[in-house]
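Sequence order for the protein chains is Y and U.
In terms of the working numbering, the first sequence opens at residue 1 and continues consecutively.
In terms of the working numbering, the second sequence opens at residue 1001 and continues consecutively.
It should be emphasised that the hints constitute simulated quantities derived from the structure, not laboratory data.
Backbone N, C-alpha and C define an ideal beta-carbon position, used for all residues, glycine too.
Errors might be hidden in some of the hints.
Stated by the list, open to error - Straight-line distance between alpha carbons at most 27 Å, and here's what the computed DSS-like set of lysine-lysine pairs gives: (1) U/Lys1073 - Y/Lys138; (2) U/Lys1073 - U/Lys1124; (3) U/Lys1059 - Y/Lys50; (4) U/Lys1171 - Y/Lys141; (5) Y/Lys138 - U/Lys1140; (6) U/Lys1054 - U/Lys1087; (7) U/Lys1124 - Y/Lys50; (8) Y/Lys50 - U/Lys1172.
Stated by the list, open to error - The following label-pair restraints were derived from C-beta to C-beta distances: (9) U/Gln1051 - Y/Gly8: 35 to 43 Å; (10) Y/Glu152 - U/Phe1071: 42 to 50 Å; (11) U/Phe1071 - Y/Ser63: 46 to 54 Å; (12) Y/Lys93 - U/Ser1105: 28 to 36 Å; (13) U/Lys1054 - Y/Val24: 22 to 30 Å; (14) U/Ile1049 - Y/Val24: 33 to 41 Å.
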Amino acid sequence: MKVKKKKGISPVIATVLLIAMVVVIGLIIFLWFRGMTEETITKFGGTNIKLICADVSFEASYSAGLLSISNIGNVPIFDMKLKIFGQGSHETKDLRDLSENWPELGLNQGGTFSGDIIGVESGDRIILMPVLIGSSEKGEKTFMCEEQYGYEINI
Amino acid sequence: MSLLVKMIFKKNKKNFLFSRIFPNSRKGISVVIGYVLLITFAIVMGGIIYQWMKTYIPKDSLECDDGVSIFVKEYSCNDLELNLTLKNNGRFDVAGYFIHATNDSSQELAVIDLSQDIIKGGDKVGSIIRFSLVDDNPMKPNDEKINLFKLSSEIYSIEIIPVRFQIEENKKRLVSCGTSKIKEKITCISS
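Hey, can you work out the whole structure from these sequences and the hints?
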């Protein structure tokens, strides 16, 4: 009766191959997962920009069509979004579209802005939401801070 | 059909069909290899999650020390020449300040930058008036500094925010002390 010999790879090589396969599969899953999640934007040496929003500090006032903003904190404000609340509705506008006086690079520490803005008279209150600029893998990107970090003005 | 039955029930341990229909012995990967795979997978997943969560670790924000304070001890104005005497009444040294003004009593916020109008007592660096060009805090507690401005227009009030150098993460950083902002009614008009 003939007995056939079983042949196979060495257990050491099998282990190495298995580990390599797991690492490769792990990398594939990581790259795929990363593509599905939102891109991380960082500022000031790797801190998530969402955390930086809490450090933004500014003051604002509005009177007779003139909006004034003063950056009294240490975080540069690149842009500003205006959430205008009117009778049962609201709309969001970019300050760069409403005024030409906004500095191109935004407001640095101690920076101020003053300019006439139109299109907000119909509202009864405005919330100014700072827009910061940070770094991501695809380069510089802007990020609008949440309403809780905004500044409310009654018109 | 009979041939098929014979193939299935042929007494041979290595009969492929038999072993598939009647699996007597189940084989699997070695326990050791299983452990290796599990641990490796856990390490890889941990690395992925660490990279993602790393950015959410909060860092200390850049804040001014409590107790920084300067005030306008006295001022004088003569034909749009404003003479300001500032005094450090806080507990920390100060490097300079931001200064903005209003030109109308109805304005709530001072936005007119006066740093460009300074002619004596300080140096304009960006929009900051620095008491020294060296990265230091030369205005010690109880020190007084006199600054002279040649204004380009009339002003109604001024707002001053002190700034100072602080060591943050082993680096010297210029910090704006917004919480120590002062507002002073100063009327300076042309004669």
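Q. Quick one, are U/Lys1124 and Y/Lys50 close enough, alpha carbons at most 27 Å?
A. Violated, at about 33 Å.
Q: State, for the Cβ atoms of U/Gln1051 and Y/Gly8, whether the hinted interval 35 to 43 Å holds or is violated.
A: holds, 38 Å
Q: Quickly compare the C-alpha distance for U/Lys1073 and Y/Lys138 to 27 Å and report which way the hint goes.
A: violated, 52 Å
(Q) Between the alpha carbons of U/Lys1073 and U/Lys1124, is the straight-line distance 27 Å or under? (A) Between U/Lys1073 and U/Lys1124 the Cα gap is close to 21 Å, so the pair holds against 27 Å.
**Q.** Range agreement (Cβ of U/Phe1071 with Cβ of Y/Glu152, hint 42 to 50 Å)
**A.** This hint is violated: roughly 30 Å between Cβ atoms.
Q. Between Y/Lys138 and U/Lys1140, is the straight-line Cα distance small enough, at 27 Å or below?
A. violated, 46 Å
**Q.** Restraint status (C-alpha distance of U/Lys1059 to Y/Lys50 at most 27 Å)
**A.** This hinted pair holds, its Cα atoms lying about 12 Å apart.
Q | Verdict for U/Phe1071, Y/Ser63 (Cβ pair) under range 46 to 54 Å | A | violated, 27 Å
Q) Given the hinted pair U/Lys1171 and Y/Lys141, is their alpha-carbon gap at most 27 Å? A) holds, 26 Å
Q) Are the Cα positions of U/Lys1054 and U/Lys1087 separated by 27 Å at most? A) violated, 44 Å
(Q) Tell me if the straight-line CA distance from Y/Lys50 to U/Lys1172 falls inside 27 Å. (A) holds, 25 Å
**Q.** Outcome for the supplied range 28 to 36 Å, where the beta carbon pair is Y/Lys93 and U/Ser1105
**A.** holds, 30 Å
Hint check: violations occur at hints 1, 5, 6, 7, 10, 11, 14; the rest are consistent with the structure.
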